[in-house]
Amino acid sequence: MSWLSRLFSSRKSAAQLDLAEAQQQALAAWRALPAPDLTRPHYQTRYIVVDVESSGLDMNHDRLISIGAVAVVNGVIDFQDVFETILRQDEVSTTDNILIHGIGGSAQRAGIDPPDALLAFLNYCAKAPLVAYHSVFDQTMIERALQRYLGVALQATWIDLAWVMPDLFRERIDAQVSLDNWLELFAIENIQRHNAVSDALATAMLLQAAISRGGGRGAKTPASFVDTEKSRRWMRRYG
Amino acid sequence: MSNSATQMLVTATSEFLRRFPPFDRMEAEAMQYLCERLKLAYYAKDTPIVTPDMGVLQHFYIVQRGKVLARGRGEVGVIDYSTMSLSPGEAFPIGSVTAQRPSTNTYTAVEDVFCYELPVDDYFALMRMSPTFNAFCTQYIASLLGQSRQQLQAEFAQRAAEQQTMNSPLSSIIKKEPVFARPETSLREVIGIMAAGHIGSIIIVDDEQRPTGIFTQSDVLKRVVLPGVALEAPIAAVMSPDPHTLPVASTAYDAVLAMALYGIRHVLAVDEGGRLKGVVSERDLFALQRVGLRQIRQSIETAPDIGLLCQAAKDVRQLALNMLAQGVGAEQLTQFISALNDTLTRRVIQLNLDRHDLYGIDWAWLSFGSEGRDEQTFSTDQDNGLLFICTDIMDREQTQLRLLDFARDVNADLDRVGFPLCRGNIMASNPELCLTLEEWEEKFLGWIRTPDPKALLNASIFFDFRPLFGQFHLAHRLRLTLLKATQDNRLFLRMMAQNALSVLPPLGRIRDFVTDADIEHPGTIDLKKFGARLFVDAARVFALSSGVAATNTAQRLRLSGAALKVSSDESAGVVEGFNFIQLLRLRHQNFELEHGRAGDNRLDPDQLNEVERRILKEAFRQARKLQQRLKLDYQT
Chain L
1 MSWLSRLFSS RKSAAQLDLA EAQQQALAAW RALPAPDLTR PHYQTRYIVV
51 DVESSGLDMN HDRLISIGAV AVVNGVIDFQ DVFETILRQD EVSTTDNILI
101 HGIGGSAQRA GIDPPDALLA FLNYCAKAPL VAYHSVFDQT MIERALQRYL
151 GVALQATWID LAWVMPDLFR ERIDAQVSLD NWLELFAIEN IQRHNAVSDA
201 LATAMLLQAA ISRGGGRGAK TPASFVDTEK SRRWMRRYG
Chain W
1001 MSNSATQMLV TATSEFLRRF PPFDRMEAEA MQYLCERLKL AYYAKDTPIV
1051 TPDMGVLQHF YIVQRGKVLA RGRGEVGVID YSTMSLSPGE AFPIGSVTAQ
1101 RPSTNTYTAV EDVFCYELPV DDYFALMRMS PTFNAFCTQY IASLLGQSRQ
1151 QLQAEFAQRA AEQQTMNSPL SSIIKKEPVF ARPETSLREV IGIMAAGHIG
1201 SIIIVDDEQR PTGIFTQSDV LKRVVLPGVA LEAPIAAVMS PDPHTLPVAS
1251 TAYDAVLAMA LYGIRHVLAV DEGGRLKGVV SERDLFALQR VGLRQIRQSI
1301 ETAPDIGLLC QAAKDVRQLA LNMLAQGVGA EQLTQFISAL NDTLTRRVIQ
1351 LNLDRHDLYG IDWAWLSFGS EGRDEQTFST DQDNGLLFIC TDIMDREQTQ
1401 LRLLDFARDV NADLDRVGFP LCRGNIMASN PELCLTLEEW EEKFLGWIRT
1451 PDPKALLNAS IFFDFRPLFG QFHLAHRLRL TLLKATQDNR LFLRMMAQNA
1501 LSVLPPLGRI RDFVTDADIE HPGTIDLKKF GARLFVDAAR VFALSSGVAA
1551 TNTAQRLRLS GAALKVSSDE SAGVVEGFNF IQLLRLRHQN FELEHGRAGD
1601 NRLDPDQLNE VERRILKEAF RQARKLQQRL KLDYQT
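So the sequence lines, in the order shown, correspond to chains L and W.
Just so we're aligned: 207 in the numbering used here is position 207 of the first sequence, and the numbers increase by one with no gaps anywhere.
Just so we're aligned: 1266 in the numbering used here is position 266 of the second sequence, and the numbers increase by one with no gaps anywhere.
It is worth saying that the hints were derived from the structure and are not from the lab.
One thing to keep in mind: the hints can contain errors.
Simulated restraints, written as ranges between beta carbons of each label pair [said to hold, decoys possible]:
hint	chain 1	residue 1	chain 2	residue 2	range
1	W	T1051	L	D180	29 to 37 Å
2	W	Q1032	L	D180	29 to 37 Å
3	L	I112	W	L1504	46 to 54 Å
Quick caveat: nothing in here was measured; it's all calculated off a predicted structure.
Where is the CB? At the ideal position from N, CA and C, for every residue including glycine.
Kindly produce the complete structure, drawing on both the sequences and the hints.
Below you can see the structure in the form of structure tokens.
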């Protein structure tokens, strides 16, 4: 009945989670951070591009295994400012799944205690806007894990490049396509496909292109990317 | 932040950079240092990355993806690359960053570009840390691309070290104390000194020993004897005043230049105070070269027999090597070799005309292929034919037999002189290539009508014909027929274009060069097949389509470029690319010949230094540009 227990456990609040003192302090420090100003220009913004690997593609039942993140700060990627964590798994994912992301059974078991892993992630992101390609999946996986292990509702601003890119580069691809299509178009080499950091870096390079293009087209801020995404989604639904 | 993630990206970056020089040779520790400090930035198409008005630069850039175009502002250099494109793995702007000054070039993204950026402080730290990187940057600055010729020059100067070169200072050329006289010295006295010392010229100096005039042997006749000037007159009355002087530190080359510029035979070397130190005559400078152009020409033109011509042929090569050493460009050099080979061939023909009676026949000796294009290199075999006029069809057989007899002897003699017989039998002694004007025209038109692969191959050899001896106007008539038949013949030109596009520049996607096109010689590039020919074939199509009569590739490119409205900068870029490849061929052949091997065209790019590799790459890019233009024009 693991799914049932997980369902219930995800409803727990932080107080019920028995977090250690240090963990509670870290969480409080994160909560105290101010919300980001999404109306500042791209070139004065810290974006965090994330990619997750999980035990499968079922957003409701599969478990978060790793998070990779690359910061794009003032338009530039600094290899010193990147993040990766593997959450310790009690139950190792299937062999087929391992073949996808390459995080083997022992690596999964040797991962970091999930609350600490997630606290490290929160500490890395602070309250920066988060960016991903097909972000719903990343967002759901991360939010669920935060809720379950830390009792935190993330409430971050998410930007989905799968919607923003075709709006900015209509002359190239004006449709919802896979990440690989965009990477190919920009000749971006993915170092190691399905490695969370590598995918995040590739996505971050796409964000650099988006920032540059957006700047020349009136989409000069994170907020404008959010609007772009909203209107694209709306158009798709009703247009 | 996160060590494992950082290390992964650093490793990936390092693996990427290792594909390119100088990173492929860089010390592991320095590489780690570099990759840990790189940041990645994006530049959209047409965005400037570095401009002169950005001031002193804060970053050093390495292209990660896409192409960056460098555009200079009135760059001066021997080879003037006004624009240059940079590909992944190439770094910029090395000179400006090192010198801590604003960039002289503008660097623009011509595609979507990702660039690694290294803060300048880290750049200097890396320079201190890595001898490889340091050598690369210093070498780069020392030569600053486009001045490759000077590098080649330095290399050859060493080989020609036993001889004095044009770079020697005048002080090393002056062997004798100068002979001089005061202005008031009488003519009689001056001429006496000259006669006694067997001196050709005397310098007139003032009290400070500064030259005020010069008086030479030839002046005696024109200025003294003929006008009947009294021998008691002071020398000042008849001397040439204000002789040309050069500082004693100037080079032989400066002296040659001054002589050519002012039409003078003597240059006076003076010290800082303007005092006479010596006299350099035209003859002194010619003596610099063991063999001089004029002498060789003369010895060829007056050689009484084939034996002496053989010696002259050797001198041609020696002289060509000297010129290579003195930094003469490939275009001039190949033309020069062709010109001297022409002279040799003409002399061989002349000598044979003494033994063969061709009276009453109008004929022209044609050369084909590289000789026809004035592009001969050191290793060159015969490619020739005969063209004649036959007014009476009944005489044709007889006339051809007489010419063939003559041609056989010429071919054999040319072989002895150093032009091996053509393996493909493209020689005037071949009855197929000893034809009347009408027959040649029919042959050419046949190839144009039915452009099968064989015909196209023939076209690429024979259409580059050039008359060498005899009635040149016959060859011009053939040229007119050819141009008329090709100029608006889209079908034929398209087939020629397709043929020209069948070989691509050996530029690799990952490595710089494709070096495995020839299975028998891995690791090398055939600079003729995959280099020069790319330009030659394309230039031929452009020339034939725009009615350009020239056969020389550089000329064809310039003239047809003008006719096809290609900017002269662009044409010049292509020509420079071609010339650089020719220069490498010459150098390589010379090296092979010196080591007793048949001079081939197979170059190992790993043997090139960094600058040469970059320029060779640029040369191939120019070939690619040319091919793209061809593709566009003929929709192939």
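These are the hints, each one checked on the structure:
For W/T1051 and L/D180, the hinted distance range of 29 to 37 Å is satisfied, since their beta carbons lie about 35 Å from each other. Between W/Q1032 and L/D180 the beta carbon distance is about 31 Å. The supplied range of 29 to 37 Å therefore holds. Hint check: L/I112 to W/L1504, Cβ distance near 52 Å, so the stated range 46 to 54 Å holds.
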